[in-house]
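Novice: Modelling step: build the complete structure from the supplied sequences, incorporating the hints.
Protein chains: 6
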Amino acid sequence: MPLNPETRNKLKQVSTATITTALFKRGLRRQMIQDVLPLDPSKPTMVGEAFTLRYIPAREDLNPITVFHDRGHPQRKAIEECPPGAVFVIDSRSDARAASAGSILVTRLEMRGVAGIVTDGGFRDSAEIARLAIPSFHHRPSAPTNLTLHQAIDVNVPIGCGDAPVFPGDVVVGDADGVVVIPAHLADDIADEAVEMTAFEDFVTEKVREGRSIRGLYPATEEATRIEFAAWRKERRR
Amino acid sequence: MPLNPETRNKLKQVSTATITTALFKRGLRRQMIQDVLPLDPSKPTMVGEAFTLRYIPAREDLNPITVFHDRGHPQRKAIEECPPGAVFVIDSRSDARAASAGSILVTRLEMRGVAGIVTDGGFRDSAEIARLAIPSFHHRPSAPTNLTLHQAIDVNVPIGCGDAPVFPGDVVVGDADGVVVIPAHLADDIADEAVEMTAFEDFVTEKVREGRSIRGLYPATEEATRIEFAAWRKERRR
Amino acid sequence: MPLNPETRNKLKQVSTATITTALFKRGLRRQMIQDVLPLDPSKPTMVGEAFTLRYIPAREDLNPITVFHDRGHPQRKAIEECPPGAVFVIDSRSDARAASAGSILVTRLEMRGVAGIVTDGGFRDSAEIARLAIPSFHHRPSAPTNLTLHQAIDVNVPIGCGDAPVFPGDVVVGDADGVVVIPAHLADDIADEAVEMTAFEDFVTEKVREGRSIRGLYPATEEATRIEFAAWRKERRR
Amino acid sequence: MPLNPETRNKLKQVSTATITTALFKRGLRRQMIQDVLPLDPSKPTMVGEAFTLRYIPAREDLNPITVFHDRGHPQRKAIEECPPGAVFVIDSRSDARAASAGSILVTRLEMRGVAGIVTDGGFRDSAEIARLAIPSFHHRPSAPTNLTLHQAIDVNVPIGCGDAPVFPGDVVVGDADGVVVIPAHLADDIADEAVEMTAFEDFVTEKVREGRSIRGLYPATEEATRIEFAAWRKERRR
Amino acid sequence: MPLNPETRNKLKQVSTATITTALFKRGLRRQMIQDVLPLDPSKPTMVGEAFTLRYIPAREDLNPITVFHDRGHPQRKAIEECPPGAVFVIDSRSDARAASAGSILVTRLEMRGVAGIVTDGGFRDSAEIARLAIPSFHHRPSAPTNLTLHQAIDVNVPIGCGDAPVFPGDVVVGDADGVVVIPAHLADDIADEAVEMTAFEDFVTEKVREGRSIRGLYPATEEATRIEFAAWRKERRR
Amino acid sequence: MPLNPETRNKLKQVSTATITTALFKRGLRRQMIQDVLPLDPSKPTMVGEAFTLRYIPAREDLNPITVFHDRGHPQRKAIEECPPGAVFVIDSRSDARAASAGSILVTRLEMRGVAGIVTDGGFRDSAEIARLAIPSFHHRPSAPTNLTLHQAIDVNVPIGCGDAPVFPGDVVVGDADGVVVIPAHLADDIADEAVEMTAFEDFVTEKVREGRSIRGLYPATEEATRIEFAAWRKERRR
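Residue numbers (my numbering), protein chains in the order written: chain A, 725 to 962; chain B, 725 to 962; chain C, 725 to 962; chain D, 725 to 962; chain E, 725 to 962; chain F, 725 to 962.
One thing to keep in mind: the hints can contain errors.
Just so you know, same-sequence chains aren't split out, so a pair can sit in one copy or run between any two.
Under the rule of at most 25 Å between Cα atoms (straight-line distance), these lysine-lysine pairs were calculated in the DSS-like manner [as the list claims (entries may be wrong)]: (1) K801 with K749; (2) K801 with K931; (3) K734 with K931; (4) K767 with K734; (5) K749 with K736.
These are computed hints drawn from the structure, not numbers from a lab.
Predicted model only: the values in this text are computed from it and were never measured.
Specialist: Have a look at this one:
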């Protein structure tokens with residue numbers, strides 16, 4: 725079930741905050757990847773299907789610097805196989821004491837057309853990664869090579885990331901507030917609802933800036949508000 | 725005991741660092757709201773009397789999305805009742821896994837003339853809030869709706885925020901180092917002392933920049949320093 | 725064993741990420757000071773020999789505000805004794821609830837030609853410190869005076885800082901990813917190797933930006949890559 | 725809505741594990757007070773309505789040792805007012821660095837017929853409290869007087885305890901696994917269901933001890949299991 | 725490579741402390757499952773090959789109470805498939821806020837001849853599990869059903885547990901100090917060395933109890949100590 | 725200033741809870757070693773002057789297993805030099821991921837007449853240590869050899885332990901609630917006051933067990949209580 729291009733476009737125009745509310749209405753309260761932020765909060769919203777990499781704690785004898793000579797090493801393999809348009813999501817067990825990846829690998833993802841990268845650990849070369857066009861999200865910068873603490877073990881399996889479940893193909897959205905995971909089968913619905921909610925929130929924000937109280941306005945418990953909003957949408961063609 | 729306008733002005737010109745030292749001299753060592761920072765550190769210093777909101781952990785059956793249809797909901801009520809010039813302080817139990825508030829409510833506070841907002845949790849729509857004129861302080865951005873984890877229960881009662889006690893009417897000051905809480909009855913004294921201390925610190929900084937050792941200068945254990953400082957103040961009219 | 729000026733220059737041109745890999749190859753996996761970041765990530769790389777200050781938890785009766793009247797107070801003594809070119813490293817027991825130091829002391833270090841300052845706690849006056857030329861690294865801003873929680877007890881002894889061992893004279897390097905500690909006797913070797921590695925990483929980055937796969941390129945498992953790199957170095961005179 | 729004596733008796737015979745499953749079926753996933761254990765795990769199951777005490781962080785000037793000379797001090801008042809049969813629940817902000825209460829106050833609760841005491845902080849005199857007949861639950865022992873960090877502020881208001889919401893009158897149950905909070909209006913239903921579930925679990929345990937596989941037995945997906953269970957109940961008169 | 729019965733017997737007679745030292749000598753410093761303790765520390769030492777279960781964070785819509793009606797549910801499947809003599813090791817992401825398993829499943833493991841069970845989360849029905857003969861290890865008791873936070877996703881794959889890497893077939897040993905993981909290919913060697921070390925430690929303990937200084941004795945830097953130990957072994961036939 | 729034998733005896737008969745209150749009255753609020761408990765809570769109260777050992781994070785190249793061949797190794801030296809009657813206190817940076825010491829060294833301390841041992845980390849061979857007569861306190865059991873994470877660096881210097889300051893010669897008292905540090909110059913005074921307080925607390929406990937309210941009794945705000953207590957003391961000869 726590939727991500728519908730229209731859905732992708734809709735999701736690019738809404739916020740993770742709005743999406744979490746739409747998920748909350750469906751009983752999903754734990755889809756936010758906790759304690760992960762953009763390296764550059766000014767980038768456009770990231771949207772794409774999850775492609776995952778699973779790390780386990782590194783055993784010293786299995787992780788000399790030479791492991792990368794193996795072309796089949798799961799980390800390197802994953803970097804070359806992640807589909808364009810996808811978001812590369814790493815389960816680093818929320819451990820940022822060693823890096824999840826560095827600028828060369830993230831640059832390669834960018835070149836391959838990948839839509840973004842997320843770890844619940846940290847990136848090295850964080851200043852360089854922040855300057856790339858590809859959106860990137862982590863807990864904090866972390867210089868030590870990933871071999872210090874992380875051993876890549878599985879590619880594109882269900883993982884946990886920042887206390888959220890991530891299944892391959894789930895739709896991952898990231899902005900200045902962090903990263904949210906939409907179950908694949910809900911993506912179209914959530915996108916539609918979030919676009920609607922965003923229109924209303926924009927209307928409310930405009931009214932609040934004009935000095936209006938939130939009472940009866942947010943939520944729109946007064947009939948007058950709903951009529952006013954309908955007119956506003958018509959005028960703005962939203 | 726409303727905040728004296730002169731005291732407010734004085735506090736706008738001193739730092740939270742200086743204030744904590746003045747509090748320390750009076751035996752108050754825990755008035756800093758821990759692990760809370762400005763969304764935009766370049767804003768002017770925030771000063772105002774505390775107006776509080778207390779959250780408890782949300783019970784699922786009491787917190788459907790429809791609770792906000794109730795005009796008396798404590799969160800919405802508090803937003804409309806917080807006095808102009810006050811600082812809105814939220815006890816979120818230092819839990820930033822769900823939002824304490826979002827940009828619409830903070831915009832409404834700004835329109836109402838509120839002096840600032842603080843939570844020991846996190847705000848959603850954090851990029852929008854950072855761009856508002858009203859100073860705002862939190863632990864980190866957090867997209868999920870507050871209903872996910874927080875239930876508003878009390879308005880303007882004594883609370884804990886970031887491990888500091890906050891009583892309604894206490895004077896709350898925030899800058900790039902975070903937020904400090906001055907007990908109401910000490911506000912005038914602390915403001916006076918902090919202004920004095922700031923003059924001396926500015927003098928010391930100038931001398932240090934000229935190459936002076938801190939020995940005998942900071943603190944002013946040498947008589948010569950005290951004489952020099954008196955002359956400096958006279959010259960600068962401070 | 726003073727830091728070789730050539731080694732200092734080399735280290736200024738490499739990243740902490742590259743250095744941690746060189747240390748990892750030598751079996752040193754814990755030399756990164758954990759969870760410490762630059763106050764201003766845009767500053768040049770910090771390099772210098774470690775000069776240390778050790779704090780223990782402050783006992784209230786031994787830490788009134790008047791302790792600084794003692795010219796021999798270890799904190800103030802350390803500030804005046806830290807050699808030019810060194811990095812001042814503070815063991816604050818990873819406790820940022822009170823400040824490790826403020827802008828006046830850091831300004832004095834700058835005037836004295838000190839190369840940088842690091843704490844695993846926090847600085848007060850953080851906005852001022854960020855604007856100084858001297859590089860500074862901490863966990864987070866913290867306004868309360870250091871006397872609240874920290875008592876300076878020892879100058880220039882081996883310490884722990886952010887879970888890393890720091891011996892006086894170790895070479896400390898800091899950039900946007902944080903701070904790494906190179907054992908003194910390895911500094912020249914690590915610098916040489918890091919310069920070599922950096923040349924290769926720059927070459928790889930260029931190739932990746934041209935669209936090359938990392939397979940066979942990073943690491944250079946293919947002979948062709950090694951030949952191409954040799955040519956690249958020659959051309960760039962690196 | 726006082727706790728029905730039959731409901732109390734039923735709840736004494738079921739486990740907190742079984743109760744959390746019954747709550748889970750009703751969409752309540754956060755009613756367990758996290759990280760709180762019995763001082764003496766061999767005591768009978770604790771059951772009673774919640775009577776609450778709320779602490780905020782202690783401000784030093786408001787909490788000299790003499791505050792207890794005030795008979796109206798909320799902590800002492802609460803101890804004398806908690807109804808027999810109730811469970812005394814303290815919101816200590818999950819902070820066990822100072823005591824929530826000591827053996828004298830807990831002994832007084834026991835004498836007054838209170839059914840138990842719970843804090844998400846710690847008790848002092850923990851060995852003495854463990855030897856009392858009244859069940860007690862905390863995070864860990866903690867000697868320092870509560871005035872060090874906790875200021876009693878409110879009696880019998882809604883609180884958070886160990887990340888769970890606790891409303892006065894909720895039914896609190898504690899055993900070796902910890903403490904669970906049943907919303908008052910669900911207590912009768914949950915008690916009935918938990919008694920049923922316990923009968924089935926006892927049946928399953930017996931069969932498993934006889935060597936039976938859990939397949940088809942737990943849950944009872946096979947008709948044969950349901951028939952066998954019906955016979956077992958009849959025989960045991962449960 | 726099944727676990728050699730002699731190796732199993734040897735490992736039953738040595739401590740996890742001794743094993744970690746033998747691993748340390750081989751450069752393996754992270755094989756201890758951190759922060760996990762026996763439910764009953766008086767049980768004999770647990771030894772067996774790792775058989776693993778991987779949990780990810782539970783998504784609410786995928787984890788209703790009815791999931792266990794599926795006989796292929798990974799948790800239930802794993803319980804019935806774990807080989808006799810093996811140790812069942814669960815990756816609960818060090819999250820003890822919901823249970824990893826309860827007494828019925830652990831009883832079933834005991835009946836099937838499984839050698840022990842370990843989670844880096846917590847067990848429900850902890851008092852019952854402690855009374856079973858099968859050794860069990862967790863972080864702390866936790867009543868809520870596993871569906872609250874954990875979704876079983878993989879059986880017998882490499883996992884992390886308490887920050888240690890665990891590969892299926894690794895040899896897992898547990899005693900009052902916790903649980904250590906021996907890479908499968910090292911089990912025989914480690915067992916031999918640990919038996920030797922234990923003999924020496926017993927000798928040293930005896931001598932220390934007789935009043936001997938540890939100087940020259942522990943480690944045996946003096947020739948006399950080595951001669952005395954050789955005699956002691958002969959006499960004790962160890 | 726050696727510990728007065730009478731003071732030692734008095735302190736053996738009072739609790740750490742009572743001592744923290746006496747310290748609190750003198751403005752000392754942070755003398756409790758946080759999160760440290762006895763390995764065997766049934767042992768008599770530990771009392772002795774602090775003799776300290778300071779660990780820093782272990783650097784791998786400086787901590788091979790062979791370091792103990794050096795008779796001057798600070799850990800082994802400290803074990804042989806700690807005076808009889810003293811309490812051996814280890815600064816392990818509150819890191820229990822590797823052991824602070826094991827049963828052989830603790831047995832040696834016991835044979836040498838040392839009064840107790842405390843670490844803010846963990847002990848290996850914890851079951852054996854619990855069975856020794858010498859009182860021992862730690863955070864939790866921890867099997868890995870101390871070389872894994874801890875390097876002994878200083879003997880008998882001021883340290884932090886569990887967030888409390890510990891100066892050599894301070895008087896350390898431990899019971900089931902944990903360990904408190906009395907500044908050396910206050911030991912006699914605190915002991916006297918704690919004995920007095922204990923008599924009153926025993927009186928209060930007796931009255932509460934007889935059914936008395938705490939109002940007017942605890943604290944003794946009523947004259948009648950004070951008269952009754954005087955009589956009680958006379959009768960009990962306390």
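Novice: Work down the list of hints and note, for each, if the structure agrees.
Specialist: Here is what the structure says about each hint:
For the identical chains of this complex, K801 and K749 are inter-copy neighbours only, at 23 Å across copies versus 38 Å inside a copy, given an alpha-carbon limit of 25 Å. For the identical chains of this complex, K801 and K931 are inter-copy neighbours only, at 18 Å across copies versus 51 Å inside a copy, given an alpha-carbon limit of 25 Å. Taking CA atoms no more than 25 Å apart as the test, K734 paired with K931 passes inside one copy only; the shortest distance there is 24 Å, against 35 Å between copies. For a Cα distance limit of 25 Å, the shortest separation of K767 from K734 inside one copy, 17 Å, qualifies, whereas the shortest one across copies, 33 Å, does not.
For the identical chains of this complex, K749 and K736 are intra-copy neighbours only, at 21 Å inside a copy versus 36 Å across copies, given an alpha-carbon limit of 25 Å.
Violated hints are absent here; each numbered hint is respected by the structure.
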